[in-house]
Amino acid sequence: NESLMRQMRDMEDRHGREAGGFQETISRLEAEIANMKDEMARHLREYQDLLNVKMALDVEIATYRKLLEGEESRITLPMQSYSTLSYRETSPEHQQRSSEMHSKKTVLIKTIETHDGEVVSESTQHQQDVM
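Residue numbering for the sequence shown follows this note's numbering, beginning at 1 and increasing consecutively.
In case anyone wonders, no lab produced these hints; they're calculated from the structure. Every clue listed holds true.
Computed beta-carbon distance windows for the label pairs:
(1) 34 - 118: 45 to 53 Å
(2) 52 - 109: 40 to 48 Å
(3) 60 - 26: 46 to 54 Å
Note that the structure is predicted; figures quoted are calculated from it, not measured. Just so it is clear, CB atoms sit at the ideal spot from N, CA and C, and this is done for glycine as well.
All chains should be built: construct the whole structure from the sequences, respecting the hints.
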C-alpha cells in the first residue's frame, strides 16, 4: 500500500515537472509570437514610410519631366520674332528723297536661365538691321 502511495507521489511529481516544462515552453513561444508581431508591425511601418517616399519621388519626377518637356518644346520652336517694317524719311533735308522706302529688320533675343524650375536670370537683346 505504501509502495503504491510512493509510486503515486513520484508520478504526480514527474507530471508536475513535465507540466511546468510545458508551461515554460508555452510562455517562451507566446513571448516569441509577441516579438514577431512587434517586428512585423515595425517592418510594415518602414514599408509604409518607404512607399510614401517613393510616391513623393514619383510626383517630383513627373513634375520635372513635365518641366523638361516644356523647355524642350520651347527651345525647338523656331524663333518667329522677326518683323519687317517700312517707313519714309520726312526730315526737311531729305525732301527730294521722300519717296524712298527703307526696310528695317528687328531681331529679339530673349534668354531665360532657370534652376530647379525658378527663373535665375532673364535678359533681352534687340538687334536692328536697316536695309
